[in-house]
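The listed protein sequences correspond, in order, to chains A and B. For the first sequence, counting from 1, position 325 maps to 325 in the working numbering; every step adds exactly one. Take any residue in the second sequence, note its place counting from 1, add 1000, and you have its number in the working numbering.
Hints are computed from structural coordinates only; laboratory data are not their basis. Among the hints, erroneous ones may be present.
Some chain A residues close to chain B (C-beta under 7 Å, calculated; not the full set) [unchecked claim]:
#1 His239
#2 Ala269
#3 Leu316
#4 Pro318
C-beta atoms are modelled at their ideal positions from N, C-alpha and C, and glycine is treated no differently.
There are 2 protein chains.
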Amino acid sequence: MRRANLALVLGTIASGPRSRAEVAAGTGLTRAAVSSLAEQLIAAGLVVEEGPAAPSGKVGRPGTALGLNPAGPGGLGAEIGVRHLGACVVDLRGEVRGWRRREVSNHGREPAAVMADLAHLLHEAVAESGLRPAALTLAVPGLVGGSGGMLQRAANLGWQDVPLAAALRPALRTAGGGLADLPIEADNEANLGGLAERWLGEGPEDFLYVSAEAGVGAAIVVGGRLLRGAGGFAGEFGHVPVHPDGPRCACGAHGCLEQYAGEAAVLRAAGLTGARGDWVALLADRAGVGDPAARAALAGAGTALGTAAAGAVNLLDPAEVVLGGGYARLAPWLLPAMRAELAARVTVRPWSEERLTVSRLGRRGPLLGAAVRVVRAVVADPGPVG
Amino acid sequence: MRRANLALVLGTIASGPRSRAEVAAGTGLTRAAVSSLAEQLIAAGLVVEEGPAAPSGKVGRPGTALGLNPAGPGGLGAEIGVRHLGACVVDLRGEVRGWRRREVSNHGREPAAVMADLAHLLHEAVAESGLRPAALTLAVPGLVGGSGGMLQRAANLGWQDVPLAAALRPALRTAGGGLADLPIEADNEANLGGLAERWLGEGPEDFLYVSAEAGVGAAIVVGGRLLRGAGGFAGEFGHVPVHPDGPRCACGAHGCLEQYAGEAAVLRAAGLTGARGDWVALLADRAGVGDPAARAALAGAGTALGTAAAGAVNLLDPAEVVLGGGYARLAPWLLPAMRAELAARVTVRPWSEERLTVSRLGRRGPLLGAAVRVVRAVVADPGPVG
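Can you make the complete structure from the sequences, with help from the hints?
As structure tokens, this is what we get:
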């Protein structure tokens, strides 16, 4: 009960600084109980006094506002991309306090080598932040399921059946800095991007988040929560059939969305097959200066994205479709074709083009989501503090 | 608190007859509290004594098993189909106690005329059952949203913006029998069919229920609950694009699933354009005697259903896909092609053909779901009884 009340008080403070009286009013706890719980949270380093609360118009001594402690435990996020690694530390308030990103081609590399690079990056980000992380969440471009963060398959990395936590831990031990004993979880990058959109954006409770890095993924958020599916594999939007008789996909099927809107397909359509480096930046640069091939390739990708999104909208009735990840940067050239498809194909329910939006977080979404998930878990259950 | 405890006791009894001691053990309430609550539920006509409980191996007087009262309040379901009307009464245990179905072509008919026929059918079903219904749920082949059971659009009936409860109530008043004052709710037939599958079948917590009458619909069940979407319009599976450049659909888009697996499309493919009466029975009869055109038409529909279902599986990761409604009867000829498509297109996660199943409830599903929903609501909240 005390633990539940600690979480209740901390959750209230997490919505914005407030006085003990305001916390009491918001939680239904007595003033005395709130004061006692607040002392414990302060002693545990989770909460700080922020100075006088805003005047409430009430008579009496002005209260002191309580806020989440920006020097308290942090959230550590990590990201393994096909062409980059990332590390991020956020404080309890969700502010970014450490950020590292390194371009490195990870396709076909041994997990141990990738983890060694990632561990160094994490160490640097933590050092920059000055915070002590409570746990680590790892974002990966693949299917994560079962216990222990088992990466079942990441086609674009060429990885299969990699126990992510077990693979990262020795590298963290070698890198030093006390990170090796952190709890480690892993999740699909689109899932974490979708959660970031929900947590840091001002999105609705029900939306479809569509993103791309090397592959195409989605997160389905229903009632503010991620729809994970019976086996944890929901969101494989890149393998929704768009043209059933279309080109063969790496997955073995024909005409999957990824064959029209994934990296290789869009580069090929733009006449850039084999281009190296950041495909999103390359296409954005070309389309930005009016390159007709790049623009046509992105319009074609937008049409395919719109067709698949229309099917998902007819099936799921989300309030919004949010374009995130690499697609957010390419949105100026994807949106017109996507909007046209959605308008033509979502006809049996209310729909308007304002329901297709672009993520403000863009490609930072999955890594931010990974880090913020850690601090949200701390706030939701501060545990037996004090 | 007393109301919540009444629901707790009633819910425990609803899982199967049990003694007061078993209810106490299952709920954590004291024997004395259970006895008092049981007396109130018996007095309210919701619960009956069923005779000696099964011996539990415990010393002492054998308990008397408590069960839901089969003479208690009933659930009244109604169904408006394009070619039929239906009425069903179930008792608190979910047993069918009254059943009426009448073939009648409702396309383009005035709602008032349809409601008059339906009211007579409901009256007959209630008289047959000998029960007093607690409420009425109406299943319709269209989009139901907003308050008061507003049917926004039912293309196959030719109806738009029909306030269903308000339209049915005067007909119930005219038909007599005291049904006019019942609470009335309405829902999409596929939603109710999916819920029936969950409640009466032995299905998993996460599945996609696909059904057909005149149109093609689906219900998405996640964690045992219906996914309704932001506006209540989820499940429009018939308008998932299958071939984006395919024939124009009544909805205005091109190549929707309904253009390959809906009534008109399948009849046309079977050389039966304009056939009257029950299309499902007609095709089942023809295919059953080996008619090649009927079999080819159903195989084509199965392929389209499999393509669209594969996209939904990749997106949602359900434990099963359940074929219900008219499709359940046509399953012998739909399944092989559907299974082939699913096997070819669901490749990024575990899948096996046993995950595609056929509803045992078949075309009775939506009407059963409508009636059972009423008694489940009574059990979930018996209200201020006694």
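Hints and how they fare:
{"no.": "1", "hint": "His239", "in the structure": "holds (5 Å)"}
{"no.": "2", "hint": "Ala269", "in the structure": "violated (17 Å)"}
{"no.": "3", "hint": "Leu316", "in the structure": "holds (5 Å)"}
{"no.": "4", "hint": "Pro318", "in the structure": "holds (6 Å)"}
When held up to the earlier numbered hints, the structure conflicts with hint 2 and nothing else.
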